[in-house]
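Visitor: This is what each chain is made of:
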Amino acid sequence: MAHEHTADHTHDDHDHGPAHGWRRWVYATNHKDIGTMYLIFACVMFFVGGLMAMVIRAELFKPGLQLVDPQFFNSMTTMHALIMIFGAVMPAWTGLANWMIPMQVGAPDMALPRLNNFSFWILPFAFTLLLGTLFVPSGAPAGGWTLYPPLSLQGGDSFPMAIFAIHLMGASSILGSINVVVTIMNMRAPGVGLLNMPLFCWSWLITAYLLIATMPVLAGAVTMLLTDHFFGTSFFSASGGGDPVMFQHIFWFFGHPEVYILILPAFGIMSEIIPTFSRKPLFGYDAMVYATAAIAFLSFIVWAHHMFTVGMPLAGQLFFTLSTMMISIPTGVKVFNWTATMWKGSLTFETPMLFALSFLFLFSIGGFSGLMLAVVPADFQYHDTYFVVAHFHYVLVPGAIFAIMAGVYYWLPKWTGRMYDEKLGKLHFWLSTIFVNVLFFPQHFLGLAGMPRRIPDYSTQFADWNMVSSIGAFGFGLSQLLFPYIIWKCVKAGEKSGARSWEGAHGLEWELSSPPPYHSWTEPPSREVIAKGVEH
Amino acid sequence: MAATSPMTPEQINERRVKARRTAILLGLVALSFYVAFIVMSVARAQ
Chain A
1 MAHEHTADHT HDDHDHGPAH GWRRWVYATN HKDIGTMYLI FACVMFFVGG LMAMVIRAEL
61 FKPGLQLVDP QFFNSMTTMH ALIMIFGAVM PAWTGLANWM IPMQVGAPDM ALPRLNNFSF
121 WILPFAFTLL LGTLFVPSGA PAGGWTLYPP LSLQGGDSFP MAIFAIHLMG ASSILGSINV
181 VVTIMNMRAP GVGLLNMPLF CWSWLITAYL LIATMPVLAG AVTMLLTDHF FGTSFFSASG
241 GGDPVMFQHI FWFFGHPEVY ILILPAFGIM SEIIPTFSRK PLFGYDAMVY ATAAIAFLSF
301 IVWAHHMFTV GMPLAGQLFF TLSTMMISIP TGVKVFNWTA TMWKGSLTFE TPMLFALSFL
361 FLFSIGGFSG LMLAVVPADF QYHDTYFVVA HFHYVLVPGA IFAIMAGVYY WLPKWTGRMY
421 DEKLGKLHFW LSTIFVNVLF FPQHFLGLAG MPRRIPDYST QFADWNMVSS IGAFGFGLSQ
481 LLFPYIIWKC VKAGEKSGAR SWEGAHGLEW ELSSPPPYHS WTEPPSREVI AKGVEH
Chain Z
1001 MAATSPMTPE QINERRVKAR RTAILLGLVA LSFYVAFIVM SVARAQ
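If you're matching them up, the sequences are chains A and Z in order.
According to this note's numbering, the stretch in the first sequence is residues 1 to 536, in order.
According to this note's numbering, the stretch in the second sequence is residues 1001 to 1046, in order.
In short, the hints are calculated from the structure, not lab data.
Honestly, I wouldn't trust all of these hints.
Below 20 Å or equal to it, Euclidean Cα-Cα: the simulated SDA-like pairs (lysine to any residue) are [unchecked claim]:
| # | chain 1 | residue 1 | chain 2 | residue 2 |
| --- | --- | --- | --- | --- |
| 1 | A | Lys-423 | A | Ile-487 |
| 2 | Z | Lys-1018 | A | Phe-47 |
| 3 | A | Lys-426 | A | Val-438 |
| 4 | Z | Lys-1018 | A | His-506 |
| 5 | Z | Lys-1018 | A | Pro-113 |
| 6 | A | Lys-532 | A | Arg-500 |
| 7 | Z | Lys-1018 | A | Leu-115 |
| 8 | Z | Lys-1018 | A | Tyr-209 |
| 9 | Z | Lys-1018 | A | Met-185 |
| 10 | A | Lys-344 | A | Leu-360 |
| 11 | A | Lys-532 | A | Arg-279 |
| 12 | Z | Lys-1018 | A | Arg-279 |
| 13 | Z | Lys-1018 | A | Arg-114 |
| 14 | Z | Lys-1018 | A | Lys-344 |
| 15 | A | Lys-489 | A | Phe-47 |
| 16 | A | Lys-532 | A | Arg-114 |
| 17 | A | Lys-344 | A | His-506 |
Not the full set, but computed from the structure, chain A residues with beta-carbon under 8 Å of chain Z [said to hold, decoys possible]:
| # | residue |
| --- | --- |
| 18 | Gly-220 |
| 19 | Thr-223 |
| 20 | Met-224 |
Covered stretches of chain A (chain Z as the covering partner; in silico rule of three or more C-beta atoms under 8 Å from a C-beta of chain Z) [claimed, not checked]:
| # | region |
| --- | --- |
| 21 | 107 to 115 |
| 22 | 211 to 219 |
| 23 | 243 to 251 |
Heads up, the beta-carbon is just placed ideally off N, CA and C, and yes, glycines get one too.
Could you build all of it, start to finish, from the sequences and the hints given here?
Guide: Shown next, in the form of C-alpha cells:
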C-alpha cells in the first residue's frame, strides 16, 4: 500500500512526524497542516461574514429603519464583501490547494514550505486589523468593497487600517500563488505531465497566474488611495487634476479577474467530482484545460462592463459587451463537457455529487444573468440594483461556496480516514439548496422592479420579496451550522474509510492511504501508480 | 512497491534551484505589475 511505501523509504529530513502542541501550527511547514489551518480560518471567516449578512437581512426584513443605523448598515455590506471574498472563499481555495496539489502531482510538499507558513500567518493579522475597524470611533469602512474615491477617502480612522489589511491580504495571496505555480511547474513527479495532471491542479495553476497579475494592481490602487489621503497626491482627486474614474478602471482591471479567481478552482473541483460519481472519465480533458485558459485570458479584457453607466464611447461599449459575451463560449464548453461526462454514466448521488449538480444548475443561472448585464442598454436599467446582487450571489454562493463544500465532502474521507455522516450531509445539501434559492431568487424580482442595492430602507412596494429573501437568509445561515458539526462528527466518530474512498475516484491522492502519511510522496510514485492514478 | 528510485542529491538540488528561480521570477512579475500601474497613473496625472 502507499502508506507502506512512504514508511519504507525514510529520508534524513523527512521521517519525522508532526511537532506537538502549538509549535505544530505556528511553525507549520507541512502542506497538510497549513491546508487545515487555511480551511479552519476560511470557515471561521465564513461565519463572521455570514453573521454580517444576517444583520443586513434582518434590517431589510421589513421597510423602515429598525435595527441598525444606516452608517453601520453600510459598514456591514462593505465588511461582509471583504470578509467573504478575501477571508472565506480565497483562503478556502488556498487550503484545498495546499492539501491536494502536492498529493495530486506526486510531490512531498509544496515547493516553498516556509513561504507557505508565512502566507498563512499573514492572514489572521490582516483580518484582526480589518475587524478592528469596527471598534474605531469612525466605524468600519462603509463605502463598499470597491473602495471608490472620493467616498472611500472619507473613511476616518478606519481607512488606513483597511488599506493596510488589504495590502496584507494581497501579499498573502501573491505568496500563496507563487508557491502553487512553483510546486506545479517544478515538483511534479516524473510521469505526471502538464496534460495528464488533475484538472483541479490546472484550474489552480491558471488561477495562480491570475492572482500574480492582478493582486498587485489592487495593491497599486489602494497605495494610491493612501497617498491621496495622507501625502497630498491627487491620483483620484478631480480638484487636484486627478481622475476618480481612473480608480474604477484600475479597480476593475483587478476586480473582474478576481471573479474568476473565485470560480476557476470550483471548475477544477467539478471536473474531479462529476467523473467520480458518474464512473466515467471526464469528457474532453484537453478542451477543459483550454477553456479554463480562455476564460482566464478573456477575464482581462472585460473589466469596463462594470462601468457602463459611468459613460464610455460607443466603440468601448461594443467591445466590452462582446468580449463579456465571449466568456460564455468556454464556459459553455465546460458545462457541456460536465453534462457529457454524466451522459450514460452510472450515476450515484452522494453529498459531493449533489452539491456539484446544484452548482451546475445554479451557477448557470448566475452566468445567464451575467449575460443580461453585459448588454449595455439593459445594464443601464439593472446597474446598482438588487438584480446585480442576485447575479453575483448566484455565482459566488451556489457557485464558489457550494464547490468548496463539495470539495470538502469529497476529500474529507481522504484527509481524516473517516467517512462523514451521509444522511446529515444530504440534509445539509437540501437545506442549503432550498434556502439559497429562497434567499437570492427573489432579489432578481426586486432588482427588476428597481430596488437599489446598499440601502438600509426601501419603498413598501419591495416589502414582500424582501421578507421572503430574509427568511431564506436566516434558513441558509442556520443550515450552515450543520457543516462544522458534520466535519467534527466525522473526525471524532466517522466510520473508517479505505484508501479509495469513492468507487469511481481517480487521481494520485487516492493511491495514498486514508488519512495520508504526514509526508505524502517522499519518493516519486512509480509509473504504474501514476498510470493508475492519472488516467482520464 | 509504489516508489521509483529515490532522487539523487544532485537532482534534489537542481530542483531546489529551479524552484527558487521560478519563485523569484514570479515575484518580479508581481512587483512589475504593482510598479507599472502606479507609474501609469503618475504619467496620466501629469
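Visitor: Now, for every hint given, state plainly whether the structure supports it.
Guide: Against the structure, the hints come out as follows:
{"no.": "1", "hint": "Lys-423/A <-> Ile-487/A", "in the structure": "holds (13 Å)"}
{"no.": "2", "hint": "Lys-1018/Z <-> Phe-47/A", "in the structure": "violated (40 Å)"}
{"no.": "3", "hint": "Lys-426/A <-> Val-438/A", "in the structure": "holds (18 Å)"}
{"no.": "4", "hint": "Lys-1018/Z <-> His-506/A", "in the structure": "violated (29 Å)"}
{"no.": "5", "hint": "Lys-1018/Z <-> Pro-113/A", "in the structure": "holds (15 Å)"}
{"no.": "6", "hint": "Lys-532/A <-> Arg-500/A", "in the structure": "holds (12 Å)"}
{"no.": "7", "hint": "Lys-1018/Z <-> Leu-115/A", "in the structure": "holds (16 Å)"}
{"no.": "8", "hint": "Lys-1018/Z <-> Tyr-209/A", "in the structure": "holds (18 Å)"}
{"no.": "9", "hint": "Lys-1018/Z <-> Met-185/A", "in the structure": "holds (9 Å)"}
{"no.": "10", "hint": "Lys-344/A <-> Leu-360/A", "in the structure": "holds (18 Å)"}
{"no.": "11", "hint": "Lys-532/A <-> Arg-279/A", "in the structure": "holds (15 Å)"}
{"no.": "12", "hint": "Lys-1018/Z <-> Arg-279/A", "in the structure": "violated (38 Å)"}
{"no.": "13", "hint": "Lys-1018/Z <-> Arg-114/A", "in the structure": "holds (17 Å)"}
{"no.": "14", "hint": "Lys-1018/Z <-> Lys-344/A", "in the structure": "violated (45 Å)"}
{"no.": "15", "hint": "Lys-489/A <-> Phe-47/A", "in the structure": "holds (19 Å)"}
{"no.": "16", "hint": "Lys-532/A <-> Arg-114/A", "in the structure": "violated (32 Å)"}
{"no.": "17", "hint": "Lys-344/A <-> His-506/A", "in the structure": "holds (19 Å)"}
{"no.": "18", "hint": "Gly-220", "in the structure": "holds (4 Å)"}
{"no.": "19", "hint": "Thr-223", "in the structure": "holds (7 Å)"}
{"no.": "20", "hint": "Met-224", "in the structure": "holds (6 Å)"}
{"no.": "21", "hint": "107 to 115", "in the structure": "holds (count 3)"}
{"no.": "22", "hint": "211 to 219", "in the structure": "holds (count 7)"}
{"no.": "23", "hint": "243 to 251", "in the structure": "holds (count 3)"}
Of the numbered hints listed earlier, those contradicted by the structure are 2, 4, 12, 14, 16.
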